[in-house]
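Chain order of the listed sequences is V and L.
Position one of the first sequence corresponds to residue 1 (my numbering), numbered consecutively onward.
Position one of the second sequence corresponds to residue 1 (my numbering), numbered consecutively onward.
Think of the hints as simulated: they come from the structure by calculation, not from any bench.
Heads up, a few of these hints could be off.
Note that the list lumps identical chains together, so a pair holds whenever it fits in one copy or between two copies.
Said to hold, decoys possible - No farther apart than 27 Å at their CA atoms in a straight line, the calculated lysine-lysine pairs in the DSS-like style are these:
(1) 248 <-> 65
(2) 292 <-> 187
(3) 153 <-> 292
(4) 126 <-> 153
(5) 25 <-> 65
(6) 153 <-> 93
(7) 26 <-> 65
(8) 93 <-> 26
(9) 180 <-> 248
(10) 26 <-> 180
(11) 25 <-> 180
(12) 138 <-> 93
(13) 25 <-> 153
(14) 94 <-> 282
(15) 93 <-> 25
(16) 248 <-> 280
(17) 94 <-> 280
(18) 153 <-> 282
(19) 280 <-> 93
(20) 248 <-> 126
(21) 280 <-> 26
(22) 180 <-> 292
(23) 248 <-> 292
All values derive from a computational prediction rather than experimental measurement.
One-letter residues, chain by chain:
2 protein chains.
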Amino acid sequence: MRGLLLGAAALTLGITPAWAQAPAKKPVVIETEQALGIRYLYGSAEAASLSRQTYRALTAYALDKVNHRPTDAVVLAPNATVEAPGFDGCGRKKDLAVIFDADETLIWNIGGTRWLGEHGMTFDAKVWSWWEATGAQKILPVPGAVEAVNALKNAGIAVIVISNRDAASTDVPTGADHWKATAAALKAAGFGDFTQGENMFLRGTGPDRSNKDDRRRIVSEQYCVIAMAGDQLGDFSQLFNAEGLSPKDRQARAALPAFDALWGNGWFLLPNPLYGPWDKAKLEDIFDDAQKW
Amino acid sequence: MRGLLLGAAALTLGITPAWAQAPAKKPVVIETEQALGIRYLYGSAEAASLSRQTYRALTAYALDKVNHRPTDAVVLAPNATVEAPGFDGCGRKKDLAVIFDADETLIWNIGGTRWLGEHGMTFDAKVWSWWEATGAQKILPVPGAVEAVNALKNAGIAVIVISNRDAASTDVPTGADHWKATAAALKAAGFGDFTQGENMFLRGTGPDRSNKDDRRRIVSEQYCVIAMAGDQLGDFSQLFNAEGLSPKDRQARAALPAFDALWGNGWFLLPNPLYGPWDKAKLEDIFDDAQKW
C-alpha cells in the first residue's frame with residue numbers, strides 16, 4: 001500500500017516509478033560485419049525515408065507513362081552492349097508493366113537477417129533455403145513499397161517480380177512448390193498474389209541461373225516494361241555483373257551516359273548496405289592513393 | 001633478352017606475362033564496424049547510382065520550380081510542430097535557393113574515413129578537426145552532386161551549404177579561419193566558392209550548436225528555399241532529433257503524412273550507412289518479436 005501511494009504521488013509528479021516501467025527488452029546481440037548496416041537499413045528513419053523517396057519517384061514516373069506511352073521499354077535489347085546499349089521497343093498493344101526485385105526491394109528479410117546475425121553469420125545457403133521456405137510471416141514490406149504497388153495496380157499497370165529466390169528446392173520439404181513460399185511472403189507483406197511463370201519469375205537451375213536477363217526477356221516480350229526497381233545492378237542488366245569488373249570499372253560503367261540517364265528515370269534503386277556484388281571488394285581497389293590522407 | 005622474347009610471344013598470344021602486369025596493390029586493412037558500409041558507400045556502383053538517382057530527382061524538381069514558383073518553402077516554420085507542421089512562405093521577391101549538407105551529401109570524406117579505419121577508429125573529434133583543417137584535397141564529390149549544383153547555378157538558383165563542420169576551431173592552427181578549409185574542400189571537389197555567413201553556414205558554438213534549424217531560418221528569411229538535400233534527417237528539421245525518440249518512433253515520425261509527402265518532393269536523401277543518429281541504436285529496439293524467426 002505504501003508503495004502504491006508513493007507510486008501514485010510519483011505519477012502525479014510526472015515521474016514513472018520503476019515498478020510501472022515497461023520491462024527491459026532482452027538484448028539482441030549481433031556482432032557480424034552487418035551490425036552497423038542493420039542499424040541503418042532496418043533501424044534508421046534515414047534509410048526508411050530514402051526508400052520512400054525512391055518509391056515516390058517510381059510511382060510518379062510510372063503513372064505518367066500511362067498517359068505518355070513510351071516508344072522504348074527500359075529493358076535492354078538482346079544484342080545490347082556497353083558500347084551500344086539499345087532498348088526493347090514497347091509496340092502499341094502491349095500492356096504496361098513494372099518489374100520489381102523482391103529481397104531488400106519489396107521486402108525486408110528482417111527475421112532471417114536477425115537469425116543469421118544472432119548465430120554469427122551473414123549468409124548461409126542452407127539456412128537461406130529454410131528461410132525462403134518458412135519465413136513468410138517474418139518479413140516486412142520495404143517502406144513505401146506497398147503504396148507504390150497499389151498505385152500501379154490501380155492505374156492498370158502489371159506488377160511483375162523477378163527474384164533470385166529459388167523456384168524449386170531439393171534442400172527443403174517445399175520441393176517443387178518452393179516458389180509458393182515466396183508468393184506467401186509477398187502476399188503477407190501486402191503485395192497480393194503471385195504465381196511462378198505468370199507474374200513472378202524466381203531462379204531456376206543451371207550455371208547461369210542468377211542472371212536475370214532471360215527472365216526480363218520473357219516479361220519484355222509480353223509487356224511494355226516502363227520501370228524496374230532493385231537493390232543491385234543485376235536487377236537492371238547483367239552487363240553490370242560482367243566477370244573481372246573492378247569496383248571502379250563497375251561504378252564507371254553504371255555512370256556511362258546511356259545508363260546514367262536511367263537512374264531515377266526508369267531504373268530505381270533501393271538502399272541495401274547489407275549484401276551485394278560489392279561486399280567482398282578489396283579496399284585497395286576502392287581507395288585511391290590520390291585521396292590518401 | 002630471352003625473357004623479353006618470351007614476353008613478346010606471350011603478348012602476341014594475348015597473355016600478359018607476370019613481369020608486365022601492374023604491381024600488386026598494397027592491401028588496405030579496415031576491420032572496424034564500418035568496413036562493410038565503406039565497401040557499399042564508396043565501393044559499389046549501387047550506392048553511387050543511388051546518389052545519382054537522388055541528384056537527378058533534386059535537379060528536375062528544382063528546375064521545375066523556376067517556372068512554377070511555389071507558395072511555400074520546404075523549411076519548416078518557426079512554430080512548426082509534429083502535430084501542426086507549417087512551412088515558411090516564399091513571398092514574391094525572394095531569390096530561389098537549395099540548401100545542401102556537406103559531409104556524405106556533397107562530398108565523400110574518403111581520405112578521413114580511410115585514415116580512421118586504418119587506425120581502428122570510426123570517429124574521433126580531434127582527428128576530425130585535423131581532417132577538416134587539412135583534408136581538402138583528399139575528398140571526392142558525391143556522384144551526381146557536381147552536375148546537380150552546376151545545373152542549379154545555371155538556372156539562377158542559389159546554392160547554400162549548411163554543415164556541422166566547425167566554423168572555427170581552437171584544436172587546430174586554422175583557428176578562426178577554420179571554415180576556409182571546408183570552403184577549400186568544396187572548391188576542390190568542384191562546387192565553387194563558399195563564404196561562411198554568406199552561402200555557407202558551418203557550426204558555431206554553444207550547447208545546441210549541431211541544431212541546424214536556426215541556420216535554416218537565416219537562409220529562409222533571405223531566400224525561397226525550394227529544396228534541401230542531406231544524409232541525415234537533421235538536415236531537414238530538428239524535430240527528427242528530439243530527445244528520447246526510439247528508432248521506431250523516429251521512423252514513424254518521418255513517415256507522418258506531412259513529412260512523408262516531402263521525401264523526393266522537396267527533401268532529398270543521400271545514402272550513408274557509415275554514421276548517423278541511428279548508429280548506436282540497440283538492436284532490441286529495431287527487431288520486433290513479431291518477426292523473430
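Handout entry: Identical-chain pair category, residue 26 with residue 65, by Cα at 27 Å
Key = Classified as neither: same-chain Cα gap 49 Å, cross-chain 50 Å, threshold 27 Å.
Practice task
First find the shortest C-alpha distance between residue 153 and residue 292 inside one copy, then the shortest across copies, and answer within, between, both or neither for a cut-off of 27 Å.
Solution key: neither (50 Å within a copy, 31 Å between copies)
Practice task
Measure nothing new, just compare the shortest in-copy and cross-copy C-alpha distances for residue 126 and residue 153 to 27 Å and report within, between, both or neither.
Solution key: neither (35 Å within a copy, 54 Å between copies)
Practice task
Pop the pair residue 25 and residue 180 into one bin, within, between, both or neither, using alpha-carbon distances up to 27 Å.
Solution key: neither (34 Å within a copy, 47 Å between copies)
Exercise for the section: Evaluate residue 25 and residue 65 at a C-alpha cut-off of 27 Å and name the case that applies: within, between, both or neither. Expected result: For residue 25 and residue 65, neither the intra-copy (48 Å) nor the inter-copy (48 Å) Cα distance is at most 27 Å.
Practice task
Check residue 248 against residue 280 for me: Cα-Cα at most 27 Å, and say if that holds within a copy, between copies, both or neither.
Solution key: within (14 Å within a copy, 31 Å between copies)
Handout entry: Homomeric proximity label, residue 248 with residue 126: Cα distance no greater than 27 Å
Key = neither (32 Å within a copy, 31 Å between copies)
Problem - 27 Å Cα threshold - placement of residue 25 relative to residue 93 - result: neither (56 Å within a copy, 54 Å between copies)
Practice task
Could you figure out if residue 180 and residue 292 sit no more than 27 Å apart (CA to CA) within one copy, between two copies, both or neither?
Solution key: Close across copies (21 Å), not inside one copy (50 Å); limit 27 Å.
Practice task
Have a look at residue 26 and residue 180 and pick one of within, between, both or neither, based on CA distance no larger than 27 Å.
Solution key: neither (34 Å within a copy, 48 Å between copies)
Problem - Same-copy or cross-copy closeness of residue 94 to residue 280 [CA-CA at most 27 Å] - result: Answer is neither; intra-copy 41 Å and inter-copy 50 Å both fail.
Exercise for the section: Check residue 93 against residue 26 for me: Cα-Cα at most 27 Å, and say if that holds within a copy, between copies, both or neither. Expected result: neither (57 Å within a copy, 57 Å between copies)
When the structure is compared with the earlier hints, violations turn up for hints 1, 3, 4, 5, 7, 8, 9, 10, 11, 12, 13, 14, 15, 17, 18, 19 and 20 and for no others.
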